[in-house]
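Student: Just so you know, the sequences run in chain order A and B.
The first sequence runs 1 to 225 under our numbering.
The second sequence runs 1001 to 1372 under our numbering.
Hints listed in this document are in silico derivations from the structure and should not be mistaken for laboratory results.
Be aware that a few hints might be false.
As the list claims (entries may be wrong) - Partial list, computed: chain B residues near chain A (C-beta under 8 Å):
id	residue
1	R1012
2	P1138
3	F1143
4	S1348
All C-beta atoms, glycine included, are put in the ideal place defined by N, C-alpha and C.
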Amino acid sequence: MFDRHITVSRTDDPGLELPAATRDRLKSRFPLGAARRMTQLGMIVGALIEELAPTGEDALIYASSYGETRAIEEYLASFPDASPTLFQTSIHPSAVQQGAISRKRSLREFFPLAGAPAELIAPALSVAMTNPAPRVLLVGGEERGTWLRELGLASERTYAFALALDRAPASENASTVLGSLTLSPSSAEEPGALSFSQWFDLLHQRKPWTGEIGSGWRLELRWST
Amino acid sequence: MAESLSTAPSIRLRESGCLTAYGDATATWQGLLSGRSALRLSAVQGPDKPDLVPLALRSDDALFETIPPRWHRALPVAFASLRGQGWGTPRRPVVVTSSNFGVGSLHGYARSKDPGHLPYGVPFDSVHALRTAMEWGPSVTIFSHACITAHLGLLHGTRLLQAGVADDVLVFSFDFLSPFVAGGFYALKILNADFPTPYQEREIGSIGLGDGAAYAVLSRTAGDYRIEAQSIYNEMFHATSNQPDGSGFATCLREVANQLRGRRVWLKGHGTGTLEAGRLESAAFAEAFPSAPLVGWKGGIGHTLGSCGLVELAITLEALKARKIPGTVGSSRPTMQSTVALEPFDASGFDAVVCASNAFGGAHAAFLLSHV
């Protein structure tokens, strides 16, 4: 059984917001001029990570089923004269790297995951909860695609979340504990009942949840406020 | 400072294998040992762009996406011993690592509008197709962190075993080339008409790309080899270049060097053939492991991208078993450091090997491999 306290929880739910609107909304959160070159996913993920006040010794676990959808779409459109900028932007986990590089913020451990929307949260939590770092940042998100979405190969909505997970906050900081996560091995092998977007909605609405999440794991999410 | 794996117990490597343009792990080791490169000049984007670049492909097919993709036809045959056997169940989970997955199929669809490409284009769909073909259960974790991805799979697998939540872990990686990735590296101008010469001083750097797939089975107690001192560092300095002082390489390797305890090592570097990264990497190796011989094999097999860490681990294991280490295929003097080994050498006299990979974003990974 693995336990972590949730000490920071942030979500962004822009839904159908267009990238240009996201840029206007969030550009002040990045170094001058940086947002001009960032993707929508990079901006919403990067802005939330900054609210966690990351340090170089935090472990960052990042999950996204589809990753840099729009960069992939535009990169493919650039053929046969492939765009070097769109190529590097399309590579997972560019969304996190865009913000971190703009701030020159190094990280010791960084685990970027992919996975089907119905199956992603179990491995993401197992990576986060088995990491030995005192503080683990669990971050994820999707951006709404265009033609790939119409083919069922991209997210319908844009959203992102960021959690700071601590092992044992000092007693003087107990008031900062927002909730907790308990992950337990389970004999259930089939995919669980918690999709990636449902997980986001639980965090966004701060709702508790208990049950099988698939891949042999059971989750208990509790909120103290 | 956070506990790193280098302070945690080691883990056993029970078995490994790979598939490259040469063939399986034994054929790849033999090919490298002979000094023969598997790289051939090929059209960078198949029929759409005839510019020639060095690619090490598994077959004579041009870089043209097929339905099903080349990797989907090749992997279940090459790794038939991994089919079923309870892999993908909670006690025997699978970790799939790649940087490309089936993304070439998206290029195939964009070019032809044939919907037959679509079931393979998104990373999780490609893994689902692989999982079905390999008869694996759903306990599968997918990592994607460019060219250090395979190292993340080894590290997470180690943690699952050390936490006691798994009995064995299969780490599996595949990266087959496509116009999507070859076109991208060509656009960045680091893939060009020249063949790669890792760690060689010359005026213009170049890389070669290669098809690659590999696996490693990790166990707490079974296996003749031990993986330890797994180290990762992400400098986040620039999307495609490193801190000019080499501190990113040094920070990662320091963790491994601190665990040597007097053991004599040789070094399996990343060595793609780019000049700046090659100089920084070889200098960091020379600083952390003075006089240890350094080899890089991408002049022979090409850069197998997110799979390179696992592919080159399988070759390393083959070399350790045969006690003969292939040299740096394709390179000649002058080299960036005097410790670069161009010719094969005997493994006798060494206790362990440091295996390292690097990636976009200034990501670095390394570990120590030794006989138990």
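Student: Quick one, is the F1143(B) hint okay against chain A at 8 Å, beta carbons?
Tutor: holds (6 Å)
Student: Can the hint on P1138(B) be confirmed by a CB-to-CB distance to chain A that is less than 8 Å?
Tutor: Result: holds, 6 Å to nearest chain A Cβ.
Student: Can you verify the interface hint for R1012(B): is its Cβ closer than 8 Å to any Cβ in chain A?
Tutor: violated (18 Å)
Student: Would the stated hint for S1348(B) survive a check requiring a Cβ distance to chain A of less than 8 Å?
Tutor: Since chain A brings no Cβ nearer than about 35 Å to S1348(B), farther than 8 Å, the hint is violated.
In the structure shown, a violation is registered for the earlier hints numbered 1 and 4, in ascending order.
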